[in-house]
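**Student:** Chains as they are written, first to last, in our numbering: chain A, 1 to 112; chain B, 1 to 112.
Think of the hints as simulated: they come from the structure by calculation, not from any bench. Note that CB positions come from ideal geometry on N, CA and C, so glycine has one too. Treat the hints with caution; some may be incorrect.
Listed next, the stretches of chain A that the computed footprint assigns to chain B, with coverage defined by at least 3 CB atoms under 8 Å from CB atoms of chain B [claimed, not checked]:
id, stretch
1, 24-34
2, 39-46
3, 98-105
Quick list of simulated restraints, FRET-style, between CB atoms [claimed, not checked]:
id, chain 1, residue 1, chain 2, residue 2, range
4, A, Tyr95, B, Ser77, 29 to 35 Å
5, B, Glu22, A, Val13, 36 to 42 Å
6, A, Gln2, B, Gly52, 21 to 27 Å
7, B, Gly52, A, Phe111, 46 to 52 Å
8, B, Asp96, A, Asn63, 24 to 30 Å
9, B, Ser67, A, Phe111, 44 to 50 Å
10, A, Ala10, B, Glu26, 31 to 37 Å
11, B, Val15, A, Gly16, 46 to 52 Å
12, A, Thr97, B, Ser20, 26 to 32 Å
13, A, Glu3, B, Val15, 31 to 37 Å
14, B, Gln55, A, Asp27, 23 to 29 Å
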Amino acid sequence: KQEVTQIPAALSVPEGENLVLNCSFTDSAIYNLQWFRQDPGKGLTSLLLIQSSQREQTSGRLNASLDKSSGRSTLYIAASQPGDSATYLCAVRGYNTDKLIFGTGTRLQVFP
Amino acid sequence: SQTIHQWPATLVQPVGSPLSLECTVEGTSNPNLYWYRQAAGRGLQLLFYSVGIGQISSEVPQNLSASRPQDRQFILSSKKLLLSDSGFYLCAWSEDGINEQYFGPGTRLTVT
Chain A
1 KQEVTQIPAA LSVPEGENLV LNCSFTDSAI YNLQWFRQDP GKGLTSLLLI
51 QSSQREQTSG RLNASLDKSS GRSTLYIAAS QPGDSATYLC AVRGYNTDKL
101 IFGTGTRLQV FP
Chain B
1 SQTIHQWPAT LVQPVGSPLS LECTVEGTSN PNLYWYRQAA GRGLQLLFYS
51 VGIGQISSEV PQNLSASRPQ DRQFILSSKK LLLSDSGFYL CAWSEDGINE
101 QYFGPGTRLT VT
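Isolated chain A (complex conformation) (with noise of 0.2 Å):
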């Protein structure tokens, strides 16, 4: 049974510090992997999608990469602002299934 573990749960950081989300899977074997950001009593926003045979993905500040061999996935932020301050939650999708299996998310507090 795939498992999803976001380390750490909280985070607290001044402005202009570069930032990296952990994101640890249990099983390999997986499609893709999402990260996603929710801002409090909000929806979740796609941030990046990483396929399997990618290594990673890059959106202005955020980088994503993913080491399948090791069930890990990181989530580098760069020059953070206040603006980022959300939960980060990431996600990953097996072989032959719509289902997504989310970890419990890093709440990310950036202050001035």
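Dock chain B against the given chain A, drawing on the hints supplied.
**Tutor:** Below, chain B alone, put in the same frame as chain A:
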């Protein structure tokens, strides 16, 4: 561009009352549709998904049901709500079931 709507945004219902939450998607045809629940202290859990009109797959046994009466409409229902049905309900769509999922703004349900 595609847009996903959910209503109502918030709902407070007594135990034993019925429930109907609606989700609609604009700007695409024949999407895969999903209902998730996010309960306090727990991760996102897939409840139902649908690959076409009238086709519903249930992920977990529960007090809820889903229906897809039209191509871009997905409804979550219950005949009698339980306290444990409280949570944040999110609808999502995907073009093909294997790539990105896009989420709606969610419905906060409190059962009293």
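**Student:** Evaluate each hint against the coordinates.
**Tutor:** To see whether the hints hold, each was checked on the structure:
no. : hint                               : verdict
1   : 24-34                              : holds (count 3)
2   : 39-46                              : holds (count 6)
3   : 98-105                             : holds (count 7)
4   : Tyr95(A) <-> Ser77(B): 29 to 35 Å  : holds, 31 Å
5   : Glu22(B) <-> Val13(A): 36 to 42 Å  : holds, 39 Å
6   : Gln2(A) <-> Gly52(B): 21 to 27 Å   : holds, 26 Å
7   : Gly52(B) <-> Phe111(A): 46 to 52 Å : holds, 47 Å
8   : Asp96(B) <-> Asn63(A): 24 to 30 Å  : holds, 25 Å
9   : Ser67(B) <-> Phe111(A): 44 to 50 Å : holds, 45 Å
10  : Ala10(A) <-> Glu26(B): 31 to 37 Å  : holds, 36 Å
11  : Val15(B) <-> Gly16(A): 46 to 52 Å  : holds, 49 Å
12  : Thr97(A) <-> Ser20(B): 26 to 32 Å  : holds, 28 Å
13  : Glu3(A) <-> Val15(B): 31 to 37 Å   : holds, 32 Å
14  : Gln55(B) <-> Asp27(A): 23 to 29 Å  : holds, 27 Å
This entry satisfies every hint, going by the numbered hints stated previously.
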